[in-house]
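Listed below, chain by chain, are the residues.
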Amino acid sequence: MDPGSELRRLREEFEALKGGTKNKLSMIVFSGDLDKLLAAFIIATGAVAMGLEVVMFFTFWATPALRDKKKRARGKDLFGKMFGFMLPRGAGKVKLSKMNMGGTGTAMIKHLMKKRNIASLEEMISLAAELEVKIYICDMSMGLMGFKPEEMIDYPGVEFVGVAKFLEEAGDSKIQLFL
Amino acid sequence: MSDEIKADVTMDLKGLACPLPVVKVSQQIKKMKVGQVLEAETTDPGAHADFPAWAKSSGNEILKTVKEEKSARFYIKKLK
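Which chain is which? The protein sequence lines are A and B, in order. Taking my numbering, I'd label the letters of the first sequence as residues 1 to 179. Taking my numbering, I'd label the letters of the second sequence as residues 1 to 80.
Read the hints as simulated data drawn from the structure, not as lab findings. It is possible that some hints are incorrect.
[Said to hold, decoys possible] DSS-like, lysine-lysine: derived pairs with alpha carbons at most 27 Å apart:
1) K24/A <-> K71/A
2) K67/B <-> K115/A
3) K110/A <-> K24/B
4) K93/A <-> K71/A
5) K70/B <-> K114/A
6) K110/A <-> K98/A
7) K31/B <-> K24/A
8) K67/B <-> K114/A
9) K80/B <-> K36/A
10) K24/A <-> K80/B
11) K24/B <-> K24/A
Since the model is a prediction, treat every value here as computed from it, not as a measurement.
All chains, full assembly: derive it from the sequences and hints.
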């Protein structure tokens, strides 16, 4: 056996013994609620501080939270227009999962957060970008809700992917979460 | 006094809430040299649990914690 292939075999064995995991956190962000999205970004940015690589996969109701309030997309069909109208236009428009009370609960929480110097969801997204948290957006959710890439926020390195991409990332992550 | 710790960098994190104290400290530590000491002052009550947890997993050392009336000062030594 030549030394090259022997080395390769030993390396594979070593990776298998380690469990094949990297210092990485993979997170599915499913919820479009303000409270859960905040939790997702607090965990993501905290994880970077702890030395982890972080990957967030946005799907279903979490997708509209990444829309840019200033951008509009053209050429949507009727359903796309309906979803576009009914779903929140960006992180500033998402509501609490509890005690929303027609928007007053959400406004109250936002007021309190500002008073207590807690970062807003928009600020947390900017912080995540600064810390190089990777964001993937589910391509199928985009298509289903009629969203177009040009109406999403300018997040560095954002990619539109499918489930296999998430599973590949999750497969070698030390921590996996679903929010 | 011989047990006086001299900080190379001081950070005022007063008023910042979770997760910002830990995020800011980890960013600052990255810019420093091994062996240097960072003094971070925070009013976040969670920091008493968070800073030691962060130090443990990032491989740095908390030399001393000084509790003030409304805040706490952490002396963190960069180990790697």
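field: Holds or violated: K67/B to K115/A, with C-alpha atoms at most 27 Å apart
entry: holds (24 Å)
query: Regarding the pair K67/B and K114/A, is the alpha-carbon distance no greater than 27 Å?
result: holds (26 Å)
- prompt: Is K110/A within 27 Å of K24/B, Cα to Cα?
  reply: holds (23 Å)
task: Given the hint that K24/A pairs with K80/B, test it: the Cα-Cα distance must not exceed 27 Å.
output: holds (20 Å)
query: Taking 27 Å as the top limit, are the C-alpha atoms of K93/A and K71/A close enough?
result: Status holds; Cα separation ~14 Å.
query: K110/A and K98/A: Cα distance at most 27 Å?
result: holds (14 Å)
Restraint status (C-alpha distance of K24/A to K71/A at most 27 Å): violated (33 Å)
- request: Starting from K70/B, check that the Cα of K114/A is at most 27 Å away, please.
  value: Within the cut-off at roughly 20 Å; holds.
message: Check the hint pairing K24/B with K24/A against an upper bound of 27 Å on the C-alpha distance.
response: Distance ~20 Å between K24/B and K24/A Cα, so the pair holds.
- request: With a cut-off of 27 Å on the C-alpha distance, tell me whether K80/B and K36/A pass.
  value: violated (34 Å)
task: Measure nothing beyond the straight line between the CA atoms of K31/B and K24/A; if it is 27 Å or shorter, mark the hint as holding.
output: holds (22 Å)
Hints 1, 9 from the earlier list are contradicted by this structure; the remaining hints agree with it.
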